[in-house]
Amino acid sequence: MNWNPRLGLLGAAAAVGMASGMGGASAQDGSFSICVVHNNADHPSITAIVNGMNDEGKIYGADITYFDPAFDPQKQASMVEDCIARAPSVIVVNAVDPAAVVQVLKKASDAGIPTVMQNADTNDEGHQYTSTFVGSQSYDQGYAVGEMIVKATDGKGNLVMVTGKPGQFDVVQRAEGAKQAFADAGASIEVLAEEPADWSKDKALTVMQDLLTRYPQIDIVFGQDDPMALGALQAIKANGIEGIKVFGVNGNKDACDAIKAGDMYGTAMQLSYMVGVYTVRVAYDLYQGRQVPKQMLAPTAPVTPENVDVLYDQCW
Amino acid sequence: MSIVPETNGGNGQKAGLASFKPPFASLGKGRSGTVLRLLRNHTALILLVVLIIAGGLLSDVFLTSRNLLNIMWAVSILGIIALGQTVLLITCNFDMSVAFVVGLAGIVTVLAQIAGFDLVTSMALGLGAGLAVGTINGLLVVYTGANPFLITLGTALLAYSISLMLTRSQTLYATIPEFNELGRGRLFGVVHYSVILVIVLAIVLEFVLRRTAFGRSLYVIGLNETAGRMSGLAIRRVKLIAFALCGGTAALAGLIMTSRTGSTVASAGAGMEFDSIIAAVLGGTSLFGGHGGALRTLVGVLVLGVLNNLLILLSVPIEGQQIAKGLVFLAVVWADSVLRHR
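Chains as they are written, first to last, in the numbering used here: chain A, 1 to 316; chain B, 1001 to 1342.
In case anyone wonders, no lab produced these hints; they're calculated from the structure. The reader is advised that the hints may include incorrect statements.
Stretch-level coverage of chain A by chain B, calculated; a stretch enters the list once three of its residues show a Cβ under 8 Å from a Cβ in chain B [claimed, not checked]:
1. 41-49
2. 109-122
3. 199-207
4. 226-238
Heads up, incomplete: computed chain B residues facing chain A, CB under 10 Å, no partners named [what the hints assert, rightly or not]:
5. N1067
6. R1186
7. V1190
8. V1220
9. N1224
10. T1261
11. S1267
12. A1270
13. N1308
Where is the CB? At the ideal position from N, CA and C, for every residue including glycine.
Taking the hints into account, I'd like the entire structure generated from these sequences.
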């Protein structure tokens, strides 16, 4: 198993980080409540986070409410304001856009409510208002996939990338992470194209078909999430082509099944359930007025044909 | 025939805002009129031919049978939705809920399979869900007289919420393997079933539109609803059927998409409500009602499909792709308002 050295281990992060001055519990009625604003609730990874939060929340007696702005940064900002109005103990935000949330994070800070960034962090300016970041960073996921690709292909080959909605944070970061991994390994992997499929499995199918027509020699496909990777796989199968190595991100059950069956060669598993669990734990620490680390990075587990049997139970 | 453009709106009105005409609106009288009429009636076909020729010249893999069949497979889903949307557009109505009916129908079908129903029953339930949403749309529009655009946006959110509740944002997988044949299977191993379905559906709808009383009543309602009522048409019933049909075709498309990708997603059809309208208008269906046809819509859908295909085959950068699609949309709307409304 190859843990990405760039990921901070929990211990290292705890040793380095100290909280910003966001200590105290601030719920008016003294009970532990969390207000969560997703980036987009309609995705299995978010469902896993919610499950993690709900399960852990039961242990702490947390009252958790969720808001979903469906990738709209303006809606997210107004939902955070709604959260502030509800005066919860802690606010959790999964930023659609790192810069767009800064204003409302400041408002939360002014209102004395600690905020936790979940999975998608804010920028440096926003960090002065937040207490911590919990999650996996999309750059690290991209890097993990990049490393897997280099290993599986000896650093050689033609690659096409099927990406999410153009301009989105995860899209840019996963691409950069993968390319940096290629550079760090001195690999001669040529990125032929990066085409958007908007996180849609069906769109990935049609996009991949056209890519297969355009480039007669494709060796590697990097789908920026598992549904798109699997959609691309459908296109490859429908055209009866063999020998292309497909990689994804997420760690979905059907991606793990595909790796077992030899159809896919790897996925960067996001331990989304654990992200939810850690979020509730750090929220409770904040509620109790304790100091918390600046970052709590959930590890990204690269799932490969070699280790899929070991990691299979954690695929979601 | 005079070739001097009229400047008074044709009714002797005074010049001013009332007689404002969009650019080139005064073309089309006289000899130049015949050419323009030809252009107007067959805009999509001409555009398609131009794109195909350009594609063949600029890319050496475009005109292969594999690529062309792929394009048709890729757009078959949108085509089915656009056909239903065309029927509605002819009556001067819209259905903005098709995108989420696509997701809902797929989810209902898969849930039915998971619950133990057989293949045919599960598909019937999925189609039924779409027909139900379409009927609700129709009832709301007909009996409240409210704007169909807004009503169907409302039912869209309703369908989406139901989808999310049913799936709890999990991905669901079909349990009957034969179901996958619908979206992935090919006749004689060459042409996908979904392509054949959309072509057959288009031919059937074209027949209904041109040769049946029901079809003709759609056009009358779109052109002049009052006249239709005066001549005794059952306006409400016709509109209801049109809305239900649109929901049904969206459901069929949802079934095909679910079978093609193998799993359900509540937002699987996102964006298709606009794409289906664009395709229909591109094909010659008017946003103002009263004009349009099933085969024409197919041409419009093919134009979009060829465009998407070429943008990738020619490695057009992503920003360029968005601009190209925006321009096509604007050109289509301009052409519809100018060439049709003089």
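Here is what the structure says about each hint:
1. Against chain B, the segment 41-49 of chain A contributes 6 residues with a C-beta closer than 8 Å to a partner C-beta. That satisfies the three-residue criterion, and the hint holds.
2. With 0 residues having a Cβ less than 8 Å from any Cβ of chain B, the segment 109-122 of chain A misses the three-residue criterion, and the hint is violated.
3. Counting residues of the segment 199-207 of chain A whose beta carbon lies closer than 8 Å to any beta carbon of chain B gives 6, which meets the minimum of three for the stated coverage.
4. Coverage of the segment 226-238 of chain A by chain B holds. Counting CB-CB distances below 8 Å, 5 residues qualify, and the rule asks for three or more.
5. Of the supplied interface hints, the one on B:N1067 holds, with its beta-carbon coming within about 5 Å of a beta-carbon of chain A, less than 10 Å.
6. Proximity of B:R1186 to chain A holds as hinted, the smallest CB-CB distance being about 9 Å (cut-off 10 Å).
7. The interface hint given for B:V1190 is violated, since its Cβ lies 12 Å from the closest Cβ of chain A, which is over the 10 Å cut-off.
8. With its C-beta approaching chain A no nearer than about 37 Å, B:V1220 sits outside the 10 Å limit, and its interface hint is violated.
9. Hint on B:N1224 is violated. Least Cβ distance to chain A is approximately 40 Å, over the 10 Å limit.
10. Because the closest C-beta pair between B:T1261 and chain A is about 4 Å apart, less than 10 Å, the hint holds.
11. Interface hint status for B:S1267: upheld, as the beta-carbon distance to the closest one in chain A is roughly 6 Å, under 10 Å.
12. About 7 Å separates the beta-carbon of B:A1270 from the nearest beta-carbon of chain A, less than 10 Å, and the hint is met.
13. For B:N1308, the shortest C-beta to C-beta distance to chain A is roughly 7 Å, which falls under 10 Å, so the interface hint holds.
Checked against the numbered hints listed earlier, the structure breaks hints 2, 7, 8 and 9; every other hint is satisfied.
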